[in-house]
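Peer 1: Keeping the supplied structure of chain A fixed, place chain B upon it in accordance with the hints.
Chains A and B are the protein sequences, given in the same order. Numbering-wise (full-length UniProt numbering), the first sequence opens with residue 1 and increments by one. Numbering-wise (full-length UniProt numbering), the second sequence opens with residue 1 and increments by one.
Certain hints may be false.
Derived EDC-like pairs (lysine to aspartate or glutamate); straight-line CA-CA distance at most 16 Å [what the hints assert, rightly or not]: (1) A:Lys207 <-> B:Asp65; (2) B:Lys168 <-> B:Asp179; (3) B:Lys448 <-> B:Glu493; (4) A:Lys448 <-> A:Glu479; (5) B:Lys207 <-> A:Asp65; (6) A:Lys207 <-> A:Asp301.
Worth flagging that the hints you see were computed from the coordinates, not collected in a lab.
Protein chains: 2
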Amino acid sequence: MSASRAAVSATRIASKPIKPFSRSWSRPLSAARPAMSAAAPACHHSSRQLHTQPSRRAEAPAATDASNPAMSFPCLDALESKTATLEARSHASGPEPSYTSGATEVYHCKDPILLDWGGVLPEFNIAYETWGELNADKSNAILLHTGLSASSHAHSTEKNPKRGWWEKFIGPGGCLDTDKYHIICTNVIGGCYGSTGPSSIDPADGKNYATRFPILTLNDMVRAQFRLLDGLGINKLYASVGASMGGMQSLAAGVHFPSRVGRVVSISGCARSHPYSIAMRHTQRQVLMMDPNWARGYYYDRVPPHAGMKLAREIATVTYRSGPEWEQRFGRRRADPSKQPALCPDFLIETYLDHAGEKFCLEYDPNSLLYVSKAMDLFDLGAEHQHATALRRAERSDSLEASGGDFSSSTCSLDLPDTPYVEQPGQVPVDLNGPIATSTAPPADLVKGLQPMRDIPTLVLGVASDILFPAWQQREIAETLRSGGNKRVTHVELGEDASLFGHDTFLLDLEHVGGNVRRFLG
Amino acid sequence: MSASRAAVSATRIASKPIKPFSRSWSRPLSAARPAMSAAAPACHHSSRQLHTQPSRRAEAPAATDASNPAMSFPCLDALESKTATLEARSHASGPEPSYTSGATEVYHCKDPILLDWGGVLPEFNIAYETWGELNADKSNAILLHTGLSASSHAHSTEKNPKRGWWEKFIGPGGCLDTDKYHIICTNVIGGCYGSTGPSSIDPADGKNYATRFPILTLNDMVRAQFRLLDGLGINKLYASVGASMGGMQSLAAGVHFPSRVGRVVSISGCARSHPYSIAMRHTQRQVLMMDPNWARGYYYDRVPPHAGMKLAREIATVTYRSGPEWEQRFGRRRADPSKQPALCPDFLIETYLDHAGEKFCLEYDPNSLLYVSKAMDLFDLGAEHQHATALRRAERSDSLEASGGDFSSSTCSLDLPDTPYVEQPGQVPVDLNGPIATSTAPPADLVKGLQPMRDIPTLVLGVASDILFPAWQQREIAETLRSGGNKRVTHVELGEDASLFGHDTFLLDLEHVGGNVRRFLG
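Extracted from the complex, chain A is given alone in its bound form:
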């Protein structure tokens, strides 16, 4: 390399030189450099007291001037074109989309319901579906709880022949045997599949609830479900069954209505939410709320926040599946290895996530996602939490009575806490060199909280490859119940030899999940 080379390089800022290239600068990376001196003329050292990056105007300059071509962003083009399409459609045909999973039965309740955090629904609907006959003494009903975004359509019906999310698990002689049981699956309140939720009309003013919908809990959902059971004249369930959020609800049913639940099946759920899952749901809510189309929830007459929904679903999908399956299925394969890498989806795993988000982004109401996701965070079957809730409900009920039922005169503030959490710089909260407390005994508060389930036969099922509801959380449920004196707890943990599908195993694994449910129900 010559000194004139360096001089030529130095002129590049002003003009674009054509100059001869030596192979030396592009030698294979693996070759050791024999001598050091050659590079020196083109390079030099300097020292800056405080360097700052120079920053000049650069508004997408023409690519031909640049050292390298400008990057293109087909994934953003696609989002923008989708927004334009939805805008045009909304102008042409009025408010869209309406969320539905198909035909259901609807139970309408004009009797108001008080929610755990003080909100009130003056009336509400529960949309539901059933399979199998209810017997004469109404003793064979199984209440099936759904996951966050799943609908009541667990199995095809005459009205709606579309495959359900547990199609293979339900049927004559199946894991949920329709020859023996009457299976009821409801859409949760707060959702968007026909049960009252944020997209529903507030009877007080005839407008969508939007983010005027009250904060709700999984217990509120279960409470509403039992209103439906009341209406159906079903005093006691043969069993309460659910996975994921449904596994949490299934436990809540056992705890809060112990005399009305014969058996509990809780799959890939937990007895209280944990920080990792709260954190992951937090990021989903934030990305959705950051989409300008979300408009603080008042988007029902406009373009919905499809981009935020898409990305929220992508984040969720990461937590639903897990490492071992993805290693086998995607590894590090790129969608098209002959192409340059892109900042838009590029690896197969990225295009998979992109597709999963795209499929979902107009199928579920964004506000429902916020409220139901938040309800999962708030879930806690510990005794202290239950007690505080009961007190709050009693107070609120009194104040409602005193105000003659004017439940909009709430004193609740929905503000952020005044002082957000501040991390202390350099503070390490645990003594790194001290012993780490790893208690294996279930927490006493939870033992007390699950005490009502003492006499309810319970199946708890966990999956080792689940990262969202890790297997230790189902072990916690089982050990807590046993500590409280429940002698009929069946605990099954599917190892990685049985399932690599992480949290979604309950949707896929007929043999291990379905088989255990069938054997337990007897």
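Peer 2: The following block gives chain B in isolation, referenced to the frame of chain A:
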């Protein structure tokens, strides 16, 4: 409950009635309902062939009309006010912010560098810092590699007395002993702390590279670092040391410059990126690119995409820490339990993430995050990948010579693959009932790829609570090296009895991480 109650309820749509409330509707959730009939008058069943949610205009109606108060969103208020402040500041003082971590040495190289994917930097800077004296025969140099967003400021210097990210690990008699070693830490190219990156000026047209910066790889970063070593006259490193992305680079240095690396220390890294980590980085890039202020990378004269950066950092923070520590530190404590739950940050873990994002959002260049994060995804030390890269580099080098060094005449297309990955509905890629293939032997392609490190003493350290670079990935490195005949591999795995801090353990754990490094370096 009387029929008149139901009738009153039915009128609520039109007006807001004052009506007496009975306690029955707010009875404690845990009370079993003695009789079913009471609720019936207020509720009824219906059946819809295909229900759709009614959807009317609802543009943030006045809260006083509604059944419940409207939710407030202080977290969005804060983002909007931050945007306004940045806008005002940008008008007042010109383009801001410039990214810097403080004073560094700068090595300027006018000799162009060809990157692995065909891009070219016609000239580049490497900003770096050093501690300890370089000895006479220049044999005591340790190259310390950084994590994704860390700067060269691993330890305070005279020029920059601010604490570094490995302050306690470096010093006289320390784990990296400045009495014995000359420690060099560089800022990676592609970053924003003084080494050439997307915020730098393209000499071809005097404007910021922005997203005209070429795709780069970790090997490119290492290649640039060795140009610096050339300039410093350092032929052979005493050791290459790094954690996280630095742990990957440390291996790359050993593989690509085996004759110039005396020892390798790789902490919480991997030999190739895996789908979960690619997926998590994908979501971070997407959320950033979705921020309208990102403007496809051309934001240097405007308000930067601070909201997207904040949330990207929050997602990253979830992967840096992990379950066990968070359980102890945050549990399910809310920031202010006396307040109503909010959709904005509410649980302590949420306010922690919010704070972590807020701290970072103006400290690091968003385009650098995209490029460096992508470089991590592209990392693969397998033989096949190395071979393909070498071929591509040779071809590109030839075409550059043929074109007389006009490296902007690239034929590269940065488009998305034409056919994105489409999941087959109902398709389960693995036979659920068949045996699961769990090979424990390291992959042959990786054994071959790491072959150049056969004679390099190597310390591989992993942490059981790490979810981003799980401990099996460090086991993979160690087993792969051993399979290839390397007899001087030290593998340490810190169990949950030693560290609960997940991926960030390398920043915190002086005893277990630092101690092992010190003992290994001798």
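Peer 1: Which earlier hints turn out false for this structure, listed by number in ascending order?
Peer 2: Number 3 only.
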